[in-house]
Amino acid sequence: MKNKLIFLICLVIVIGVSVAFTYEARMVNFNVDYEPQQPINFSHKIHAGENQIQCLYCHFGAEQGRHAGIPPTELCLNCHNQIRKDSPEIKKIKDAVAGGAKIEWQKVHHFPDFAYFNHSQHVRVGKISCQECHGPVETMTRLKQENALNMGWCLDCHRQNNIAAPDDHKSRAGGDCARCHY
Amino acid sequence: MKKNNTTYWQDVENKVLDPEHLKSEFGEGELQFDIGSIKKDRRSFLKVMGFSFTAIPLASCMRIPVKKAIPYLYKSDQVTPGVANWYATSMDPMKGSSLLVKTREGRPIKIEGNSLSPITKGGTFGTDQASVLSLYNSSRFKGPLLDGKPIEWANIDKKLEAALNNANDKEKKIVLVTRTISSPSTLDIIAQLKEKYSNFDHVVFEPTSQSAILRANEECFSNAVYPTISLDRADLIVSFSADFLGTWLSPVEYTKQYTSRRDLTIHNTLSKHYQFESLMTLTGSNADQRFSVTPEEEKSFIINLLAEIQRKAGRSLLPPGQQLPGTNRELVSQIAGELWEKKGKSVILSGSQNKDIQIMVNALNSLLDNYGETIDLYENPYFKGPKDQETEDLISTMEAGEIGAVLFWDTNLAYHYRDTQRFTKALKKVVTRCSFASADDETSVLCNYVLPMNHFLESWDDYFQAPNVLTYSQPVIQPLFGSRMAQETLLKLAGSTTKYYDFLKKNAEIKFFKMQTKKMLFHEFWNHTVHDGLSLMNSSLSKKSDLAKNVVALSYARLVKATLNKGMTLIGYQKVGMRAGDMINNPWLQELPDPITKATWDNYFLISPIDAKKQNLKTGQVIKVATDKVTLVLPIIVQPGVRENMIGVAYGYGRSVAGKVAKNLGGNAFPFVQFSNGSFNNIATDVKVDITPEKREMALTQTHHSMEGRDIVRETTLKEWKVDNHAGNKPSIKLVSMWGKHDQSGEQWGMAIDLNKCTGCSGCIISCNAENNVPVVGKKEVHSRREMHWLRIDRYYKGDEENPEVVHQPIMCQHCDNAPCETVCPVIATVQSSDGLNQQVYNRCVGTRYCANNCPYKVRRFNWFDYAHDDKYENMVLNPDIVVRSRGVMEKCSMCIQRIQESKLVAKKEERPLKDGDIQLACQQSCPGDAIVFGNLNDPKSKISTLLKNARKYRLLEELNIQPRVNYLTKVRNKG
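These protein sequence lines are chains A and B, in that order. All the letters of the first sequence, read from the start, carry residue numbers 1 to 182 under our numbering. All the letters of the second sequence, read from the start, carry residue numbers 1001 to 1976 under our numbering.
Any given hint could be a false lead.
To be verified - As a list, the in silico DSS-like pairs of lysine-lysine whose alpha-carbon atoms are at most 27 Å apart:
#1 B/K1722 - B/K1949
#2 B/K1095 - B/K1506
#3 A/K94 - B/K1075
#4 B/K1068 - A/K107
#5 B/K1872 - B/K1660
#6 B/K1904 - A/K127
#7 B/K1075 - A/K91
#8 B/K1142 - A/K102
#9 A/K4 - B/K1047
#10 B/K1075 - A/K102
Unchecked claim - Derived coverage of chain A by chain B (criterion: at least 3 residues anywhere in the stretch with Cβ under 8 Å from a Cβ of chain B; other residues may be distant):
#11 69-81
#12 121-131
#13 175-182
Quick caveat, the hints were computed from the structure, so don't treat them as lab data. The beta carbon of each residue, even a glycine, is placed where N, CA and C say it ideally should be.
So here's chain A without its partners, still in its complex pose (with noise of 0.2 Å):
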């Protein structure tokens, strides 16, 4: 009787322990602060801050499909054949293109697989602005990540339903599973 009671007092305590552990390890895994080190110190700050480049101009992909993308490295030798021509970053990248070679980024925000991610349909459709996912880019030397890109957040947003859709056209955000889950 009395080992009984001790094996199920450790097995609520072992249980315990482990909810509480994978309740935080959820936490952890939403990655929020995520700033990893990237191959060129490249500055949002700098460039869509104090240079108010627009967003779309190097993320063209985020207005016609899926992916935003990282631009094509040779996209940044449009201004920079012309500009800071010899600081050591930018040697890096025309190395880059001149000798084939690849860069390797460091992937901030990271979607799982088992859901579908538009960057069109909220960019272009949902109009969006970036930062609302995304958080004050243009104020980030090194982009982190700001919010938790966790389905719960994106409800947030999809619950209210307010999304602009084109007024003859009834279909809206949605909280259907299928609009992401396929």
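Since the structure of chain A is provided, determine the placement of chain B on it from the hints.
Chain B alone, transformed into the frame defined by chain A:
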């Protein structure tokens, strides 16, 4: 209708429902896993649990792994990551259709029909759809081989040229063996080769040759072309063993035409189709009336029919005063009467490889004035078809040692030729043996030069798909495995330095640009043609269809003397998915259930129920069929509708050298091919049959989807339908529901399937596989009833076993409003969406399978395993917009939710409402019969809304009040 409930049955052995059989589906033994070394006792359980508990907190200490993102260095302005590009291309017209190819980030992932094509009109078959997977076949050659050793292209080119020059200098023959060629540029290159080498020969070989038609047309009309048939203009179709809806000549084209005359939502009558055949083909299963006959009976019938028609026409083509062979005279005069009434609006087809039968059929069509109406014989200078005699001559000249070099282009004679040993021996006498193949085959292993050829998605080519339709094949991906177009090599051998692309374009400029008037400038013409995949030539076509005299009498004399079958007769046929076996290495096609037998991954003997009863045989029994030269041992399938004493066997199987998919699958039926009367014939008479004690399990999808005798398929006859449009149907019943109604505002999706237009060709299944990343499970798992197809086609028989009527019914998730699956899911992984779809949420599913148990349609599929996704090439075919499901997850038809979402997004971006027809589901798009309609039920003008008002509309198992969103339209047969 009640009477019908008892008359539908699924197969011979299951005609009476066997409770034992049902048990095996859910039997305990079937569902057990091998869980390896873990013992099932208390201590092991505690160990596993203890490990799991400690592992969870440990896992929580980790960050998610670092992911790299590598951008393009230079980006093409046409490729945007995540956005699909579509290109028009075309398959060789003898193998496939005009196509659109969807590419994502430069890799082709899906094939659809090109709706601009006046021939296939957007339809595709399973073989077209599956060809994209063959592109990624990792057993393809990785580069050229000389004597089995890798070599550079430049070196092998030089060596091959030297070898050919050597052969030419020694005044030995150089022979190029190809398939049927419909490419004008390729024919030009071959003409150049003929000029360069004094002793050059071009032989066309088709493994499942239809050369008898060409020979007959040559003799009758001096015009050796395949006929251009317009079934849409024919009120009456009489087909003798021509499987024109499955494998004969251009089945996609014919299916489009045929079903356009089976549409009772537009017309108020149907064309009439009689089919005479010995085996049960897909075409026969769709006929209004089918007659099960032997080839000999078929011959007698045709002769008598011709006698009757010539009497009506007042002509005498047959020699007078002859005793006609015996046949069913009543039937002859009935059909002759109907044909005469439909003069100029009928068509008679024959799939026979006996030239004389084809001549009789030509005479019939000629007497009925069908030429110029339903059949056209256009002269076509850009076509070279098979002449079977040439292949026979090739072998004997090889044996005589007269051939110095032989080049096999996409021809595998060591497997396809009827006598492999003779061929192999003969080939040894040839010094230079060259093979243009894509992967190792029986012939390439015998060749010293192996020059891998491109897949058609990697190639440029031009074809005359019809005498007035020029189509282009354009590459949509760089060659994956270091292969090269065969034409590049041939051009080099012909001494030219141009690339094939330039050659082809020059040809277009010189020859074909002039044949059209739409575009004034060449570059405009070229860009449009490549963009559309085709161009219509409007230069007038010359026809040649005046029947030569005396031909008929001569062939009649030959025909009455010949005996077409005697004793047990073996008839070779093509499976709808496999055809001659070109794509035998394609797992999608292997797992496609045959539309009639529902067998996968195998070939087998088809035996008539009468013969089976006589010998007490059951499906799975292995038998030995032998002629004096060859034997073949395979299991049988008892196939209703097969004529007594006839045995069917499919070609394409039994490969000894092939990729991992096809190797040692089934048996080779080509050795049974006979060479008679100048043609390769698929009928072997007087074969010996021995029964072996062995039994083999067949991977059939047939019996375990039994509908338990409910009125799932509703049908009627045209006569009854004309009296009452509701004939055969039951009015829908109003039932009281305990559930509240869903909010049904906004878009509400629904589907309708016209059973009168579905031929059961199964193209939709492959299309669904490709679109939705449906895994292939393999023969063993299909046998365990674990195939993963989201869409299946149920086939039911009705009537007597010897010649039953057949119906095909596509079944996918019915997207019920009151879905039984939703109420039993303990984790709410399957729920109703606001637009009326039944959603399956994979990442929420824990795999209880309650939903599958509660689904009355049995359309849910469970991932028993993580199916193989370890081939990095084959993975490239996966649709990146769809998840690859993992083990333990339930899945089913989603109504191509990704396509719905995409079309909605496109409309939203263009700031317009969604139009009817914007959304095309994968199955719907590929259907060559246009049997599937999908759309918004709340839009009163949509096609689906009008169809649902049709009197033929019904829903499956309506009495359950589960309110399915998929509707069916009753089948109407034109008989009685």
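**Message:** With the threshold set at 27 Å, check whether the alpha-carbon distance from B/K1872 to B/K1660 stays at or below it.
**Reply:** holds (15 Å)
**Message:** Hinted pair, alpha-carbon criterion (27 Å max): B/K1075, A/K91. Please report holds or violated.
**Reply:** holds (20 Å)
**Pair hint B/K1068 and A/K107, alpha-carbon separation not exceeding 27 Å** = OK: B/K1068 and A/K107 at ~5 Å, within 27 Å.
**Request:** Starting from B/K1075, check that the Cα of A/K102 is at most 27 Å away, please.
**Result:** holds (13 Å)
**Prompt:** At a Cβ distance under 8 Å, does chain B reach at least three residues of the segment 175-182 of chain A?
**Reply:** Result for this restraint: holds, n = 6.
**Request:** Given the hint that B/K1142 pairs with A/K102, test it: the Cα-Cα distance must not exceed 27 Å.
**Result:** Holds: B/K1142 and A/K102 sit about 26 Å apart, inside 27 Å.
**Request:** Tell me if chain B covers the segment 121-131 of chain A under the three-residue, 8 Å CB rule, please?
**Result:** holds (count 3)
**Request:** Examine the segment 69-81 of chain A for residues whose CB is less than 8 Å from any CB of chain B, and state whether their number is three or more.
**Result:** Contact hint for the segment 69-81 of chain A vs chain B: holds, 7 residues under 8 Å.
**Item:** Given pair status - B/K1075, A/K94, alpha carbons within 27 Å
**Value:** holds (16 Å)
**Prompt:** Would the pair B/K1095 and B/K1506 pass a check requiring their Cα atoms to be no farther apart than 27 Å?
**Reply:** holds (26 Å)
**Asked** Is the straight-line distance between the alpha-carbon of B/K1904 and that of A/K127 27 Å or less?
**Response** holds (16 Å)
**Asked** Taken at face value, is the distance from the CA of B/K1047 to the CA of A/K4 at most 27 Å?
**Response** holds (18 Å)
In terms of the numbered hints stated before, the structure departs from none.
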